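As a plain string of letters, each chain reads:
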Amino acid sequence: MKTRYKIIFSLIIITALIFTASAYSDNAKLKPEAKGRLCLKCHETFSEKLKSAYVHTPVKNGECTGCHDPHTSSYGKLLSADSSNICISCHKEILPDKAQSSHKIVVDGNCMKCHDSHSSNNRFILLKAGNELCLDCHKDIGESLKTVRFKHKPAEDNRGCINCHNPHASAKYGSLLKKDIPALCIECHRTDNASFQARHSGYPVAGSQCTSCHNSHGSNKAAIVFENVHAPVAEKKCNKCHNEPSSKSPFATSKAGIELCRDCHKDKIAELLDKNNVHWPMLDKAACLNCHNPHASKGKNLVAAATSNVCGKCHSDTVELQERSKNNPKNTSLCKPVREGSCTACHDPHASDYSLLAPLPSMSFNVCDKCHEWRAHSSSHPIGEKTKDPRNKNLIVDCLSCHKACGTANMPRMTHFKNISEGCTQCHKELEGR
Amino acid sequence: MQKTFIRILVAITVFLLPLKAFSAEAVRLMPVMSVYSDDKGEGLKLPEGVACTDRSLFIVADTGNGRLLRYALENNALKTAGTEIKLPQMTSPVRVNMNSKGEILALDSRQRRIVHISPEGEFKGYVEPASLPALSQYVPNGFDIDANDNIYILDILSERVLVLNSAGEYQKQIDLPKDHGFFSDIAVDFRGNILLVDSVKAMVYSNVKDRENFSPLTEGLKEKMRFPANLTTDRRGRIYLTDRNGSQIIVLSQEGNFLGRLSGMGWKEGLLNYPSQICINSEFVFVADTNNSRVQIFSLVK
Chain A
140 MKTRYKIIFS LIIITALIFT ASAYSDNAKL KPEAKGRLCL KCHETFSEKL
190 KSAYVHTPVK NGECTGCHDP HTSSYGKLLS ADSSNICISC HKEILPDKAQ
240 SSHKIVVDGN CMKCHDSHSS NNRFILLKAG NELCLDCHKD IGESLKTVRF
290 KHKPAEDNRG CINCHNPHAS AKYGSLLKKD IPALCIECHR TDNASFQARH
340 SGYPVAGSQC TSCHNSHGSN KAAIVFENVH APVAEKKCNK CHNEPSSKSP
390 FATSKAGIEL CRDCHKDKIA ELLDKNNVHW PMLDKAACLN CHNPHASKGK
440 NLVAAATSNV CGKCHSDTVE LQERSKNNPK NTSLCKPVRE GSCTACHDPH
490 ASDYSLLAPL PSMSFNVCDK CHEWRAHSSS HPIGEKTKDP RNKNLIVDCL
540 SCHKACGTAN MPRMTHFKNI SEGCTQCHKE LEGR
Chain B
8 MQKTFIRILV AITVFLLPLK AFSAEAVRLM PVMSVYSDDK GEGLKLPEGV
58 ACTDRSLFIV ADTGNGRLLR YALENNALKT AGTEIKLPQM TSPVRVNMNS
108 KGEILALDSR QRRIVHISPE GEFKGYVEPA SLPALSQYVP NGFDIDANDN
158 IYILDILSER VLVLNSAGEY QKQIDLPKDH GFFSDIAVDF RGNILLVDSV
208 KAMVYSNVKD RENFSPLTEG LKEKMRFPAN LTTDRRGRIY LTDRNGSQII
258 VLSQEGNFLG RLSGMGWKEG LLNYPSQICI NSEFVFVADT NNSRVQIFSL
308 VK
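Chains A and B are the protein sequences, given in the same order.
One gets the working numbering by counting positions in the first sequence from 1 and adding 139 to each.
One gets the working numbering by counting positions in the second sequence from 1 and adding 7 to each.
Think of the hints as simulated: they come from the structure by calculation, not from any bench.
Treat the hints with care, since some could be wrong.
[Stated by the list, open to error] To give a feel for the contact side, a few chain A residues facing chain B, derived at Cβ under 10 Å:
| id | residue |
| --- | --- |
| 1 | Leu265 |
| 2 | Leu266 |
| 3 | Lys267 |
| 4 | Ala395 |
| 5 | Leu399 |
| 6 | Asn416 |
| 7 | Trp419 |
| 8 | Asn448 |
| 9 | Lys452 |
| 10 | Thr457 |
| 11 | Gln565 |
[As the list claims (entries may be wrong)] A few chain B residues that face chain A, going by a derived Cβ cut-off under 8 Å, partial list only:
| id | residue |
| --- | --- |
| 12 | Thr90 |
| 13 | Tyr133 |
| 14 | Val146 |
| 15 | Asn148 |
| 16 | Ile152 |
| 17 | Gly188 |
| 18 | Asn252 |
| 19 | Lys275 |
| 20 | Asn299 |
[What the hints assert, rightly or not] The list that follows gives simulated cross-link-like pairs (lysine-lysine, DSSO-like), each with its CA atoms no further than 27 Å apart:
| id | chain 1 | residue 1 | chain 2 | residue 2 |
| --- | --- | --- | --- | --- |
| 21 | B | Lys179 | A | Lys394 |
| 22 | A | Lys237 | A | Lys216 |
| 23 | A | Lys527 | B | Lys275 |
| 24 | A | Lys318 | B | Lys185 |
| 25 | B | Lys185 | A | Lys527 |
| 26 | A | Lys532 | B | Lys93 |
| 27 | B | Lys47 | A | Lys527 |
| 28 | B | Lys275 | A | Lys387 |
| 29 | A | Lys317 | B | Lys185 |
| 30 | A | Lys394 | B | Lys185 |
| 31 | A | Lys525 | B | Lys86 |
| 32 | B | Lys185 | A | Lys532 |
| 33 | B | Lys47 | A | Lys465 |
| 34 | A | Lys509 | A | Lys469 |
| 35 | B | Lys52 | A | Lys543 |
| 36 | A | Lys170 | A | Lys145 |
| 37 | B | Lys131 | A | Lys414 |
Here the structure is a predicted model, which means the values were calculated and not measured.
Note that beta-carbon positions come from the ideal geometry of N, C-alpha and C, so glycine has one too.
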């Protein structure tokens, strides 16, 4: 019984204390300028910023405390939260839940790479106006916009990229697009006239993926068609692969999978299918189209995108590993193919008689050897086909005994090990603990 | 007061103990032995397949050497050490299974056909069912055999699972789920449910026996594994996936819940490097430890 009284008494005391604290807080009046205007007394140069054409609302309202803690902070610039989270705490709508595509810098919370958090003379307090800002990072597109012969107007006008793309995220569409293709294209391009029909050989393409043939950023080919065009498309012989345009299903193909491509690429496909290991996607329903665009492409051999993007569609884990390896300061001697995401430098994307789709018999002694003089290693450490791996009698000491060719993220020198001694003691047990 | 407190504690403990017992059982692997060579001492080379029976027999698809090897275990030791089965009709076996008669079926990656081999190691033909619904041809990327010797083939060309009877005759087909990544393997559990592993999405799909569709058994498990490429089940329906790029084994409950990961990347016995097919019998777990050019045999410790 005594305990019950003690608990009730303690509860009364706690409640009283909370009420007192609350009352005190209400009474602790701050100076009227304390939320921000007071700050300008010391931060004099800041008053210039306030003269900019566009000022961030909390700044305009003199509420520096909207983002900064005036006393102490665990974050740089006395921010009241981590810089990668502070913007999203007010601008939640920027990143819709389960967005179909999102801009990496937004996801990473690097808002300040595009916006000035205080003020700017550009709309949306952007650091630069128009395309200039986007092209700072997307240099390849910038270069192409400058040099291509046939330009796409929306990519170049004042609004530039944001004519078609949402700079933060797209809830429903890929590539940060504002609308799906072709809906976005049809906003400007009429599809119901005879000339449009004629240029597409009578095929009802109004509902198709325009970007399957056209480069929306411009091209050196007329009609901004991608620079590498599949011969039947260039010759306007769509019916080589598709049904006739007047048929019930004009876009259906006459054969399935690799059989369709085999009609023209007979010898190449026969050669590939005669290997021990065929890259399995070549044999599924989509077959060659898993990696190649059948109409036109920016890349050589009609590869649908940059190599690491194409391979990364399925092997995202390996591409992520490459990315993490690139960002690892310990990996000063990262292999060029890893650095450039050039998977095909070491793997045959179609088929191979050898393990890991290596184009040559040994990944180490033939493939690594294309760039590295691995024999030089043997002066300091035995390596080669005659050197047995002491850990396993079926293995020899080769490049992959210590290194991982696709990158190892946090490990130095593309090795499997945290440090050199961990690597050495794999085999040299006598060195353990020294 | 103190008595009341103790009573409450006892009640909570009594309530929680059975919960713990019913929860995901922790599964651990204990290395029993590793198989490195055939009966003549020739080393295994990049084996990708292994099949086992409860009669302590196991077959290795010694892929790099283009052959199968037959072993028998007795008292945790090899009774028969790697008798070679080498056939001109099978040059690159990557997956292997056995039926109840001891016949061997092996998937050859070069021909993309399933080779039928007698228990004595003689070529009996290919698994090529007549009267398949369109398409008449198929590309097998994995297969399994159930307790009644029915054969389940993952056909990546027509995006379906073909079900054949023990004589290799077509019974039915089940369409693969839409919007998938890439299916790498198929398994049939003790209840006759068909399981598929999508390596790209790191997902398992199931077809409950006699239903017409596959449905996701798990969500994408990319955070738990890198590139699961093969799967099998044990007698309790638990699912074992070999994570090829992650060099580990992932265990899921029969409901698809993540139970844990076993082994890891390495060269020492007990560790794996690019594992492929996995087989479980009543006593052991056999793993084709491909890039370590060996087959590892573990016992399950609960």
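Results for each hint:
1. For A:Leu265, the shortest C-beta to C-beta distance to chain B is roughly 34 Å, which exceeds 10 Å, and the interface hint is violated.
2. For A:Leu266, the shortest C-beta to C-beta distance to chain B is roughly 35 Å, which exceeds 10 Å, and the interface hint is violated.
3. A cut of 10 Å between beta carbons decides the hint on A:Lys267: the least distance to chain B is about 36 Å, and the hint is violated.
4. The criterion of a C-beta within 10 Å of any C-beta in chain B is met by A:Ala395, whose closest approach is roughly 7 Å, and the hint holds.
5. With its C-beta approaching chain B no nearer than about 12 Å, A:Leu399 sits outside the 10 Å limit, and its interface hint is violated.
6. With its C-beta approaching chain B no nearer than about 6 Å, A:Asn416 sits inside the 10 Å limit, and its interface hint holds.
7. For A:Trp419, the interface hint holds, the least distance from its beta-carbon to any beta-carbon of chain B being 6 Å, beneath 10 Å.
8. Nearest Cβ of chain B to the Cβ of A:Asn448: about 14 Å, over the 10 Å cut. The hint is violated.
9. Below 10 Å, beta-carbon pairs count as interface contacts, and A:Lys452 has one with chain B at about 8 Å; its hint therefore holds.
10. At a threshold of 10 Å, the smallest CB-CB gap from A:Thr457 to chain B is about 7 Å, leaving the interface hint in force.
11. Hint status for A:Gln565: holds, given a least beta-carbon distance of 7 Å to chain B, under 10 Å.
12. Taken as an interface hint, B:Thr90 does not check out: its beta carbon lies about 19 Å from the nearest beta carbon of chain A, beyond 8 Å.
13. The closest approach between the C-beta of B:Tyr133 and any C-beta of chain A is roughly 16 Å, which is over the 8 Å cut-off, so the hint fails.
14. Given hint, B:Val146 at the interface with chain A, holds; its Cβ is 5 Å from that chain's nearest Cβ, closer than 8 Å.
15. Taking 8 Å as the C-beta contact cut-off toward chain A, the hint placing B:Asn148 at the interface holds, the least distance being around 6 Å.
16. Interface restraint check: B:Ile152 against chain A, minimum CB-CB distance 21 Å, threshold 8 Å, status violated.
17. Of the supplied interface hints, the one on B:Gly188 holds, with its beta-carbon coming within about 7 Å of a beta-carbon of chain A, less than 8 Å.
18. Because the closest C-beta pair between B:Asn252 and chain A is about 6 Å apart, less than 8 Å, the hint holds.
19. The criterion of a C-beta within 8 Å of any C-beta in chain A is met by B:Lys275, whose closest approach is roughly 6 Å, and the hint holds.
20. Residue-level restraint check for B:Asn299 holds (minimum Cβ-Cβ distance to chain A is 6 Å; threshold 8 Å).
21. Restraint check for B:Lys179 and A:Lys394: the C-alpha separation of about 24 Å stays at or below 27 Å, so the hint holds.
22. Taking the CA atoms of A:Lys237 and A:Lys216, the gap is near 32 Å; set against the 27 Å cutoff, the hint is violated.
23. This hinted pair checks out: A:Lys527 and B:Lys275 have alpha carbons roughly 15 Å apart, not beyond 27 Å.
24. Proximity of A:Lys318 to B:Lys185 is assessed by CA-CA distance (about 24 Å); at most 27 Å being required, the pair is judged to hold.
25. Between the alpha carbons of B:Lys185 and A:Lys527 the distance comes to roughly 47 Å, so the proposed pair goes past 27 Å and is violated.
26. A threshold of 27 Å between alpha carbons decides the hint, and for A:Lys532 with B:Lys93 the separation of about 23 Å falls inside it, so the pair holds.
27. Between the alpha carbons of B:Lys47 and A:Lys527 the distance comes to roughly 19 Å, so the proposed pair stays at or under 27 Å and holds.
28. The hinted pair formed by B:Lys275 and A:Lys387 fails the criterion: a straight-line CA distance of about 61 Å is larger than 27 Å.
29. The straight-line distance between the Cα atoms of A:Lys317 and B:Lys185 is roughly 26 Å, inside the 27 Å bound, and the hint therefore holds.
30. With a C-alpha separation of about 21 Å, the suggested pairing of A:Lys394 with B:Lys185 holds against the 27 Å cut-off.
31. With a CA separation close to 31 Å, the supplied pair A:Lys525 and B:Lys86 exceeds the 27 Å bound.
32. Only pairs whose Cα atoms come within 27 Å are accepted, and B:Lys185 paired with A:Lys532 is rejected, the gap being roughly 45 Å.
33. For the suggested pair B:Lys47 and A:Lys465, the alpha carbons sit about 46 Å apart, so the restraint of at most 27 Å is broken.
34. With a CA separation close to 24 Å, the supplied pair A:Lys509 and A:Lys469 stays within the 27 Å bound.
35. A hinted pair counts as satisfied when its Cα atoms are at most 27 Å apart, and B:Lys52 with A:Lys543 qualifies at roughly 20 Å.
36. For the hint linking A:Lys170 to A:Lys145, the alpha-carbon distance of about 42 Å lies beyond 27 Å, and the restraint is violated.
37. At roughly 24 Å between alpha-carbon atoms, B:Lys131 and A:Lys414 fall within 27 Å of each other, so this suggested pair holds.
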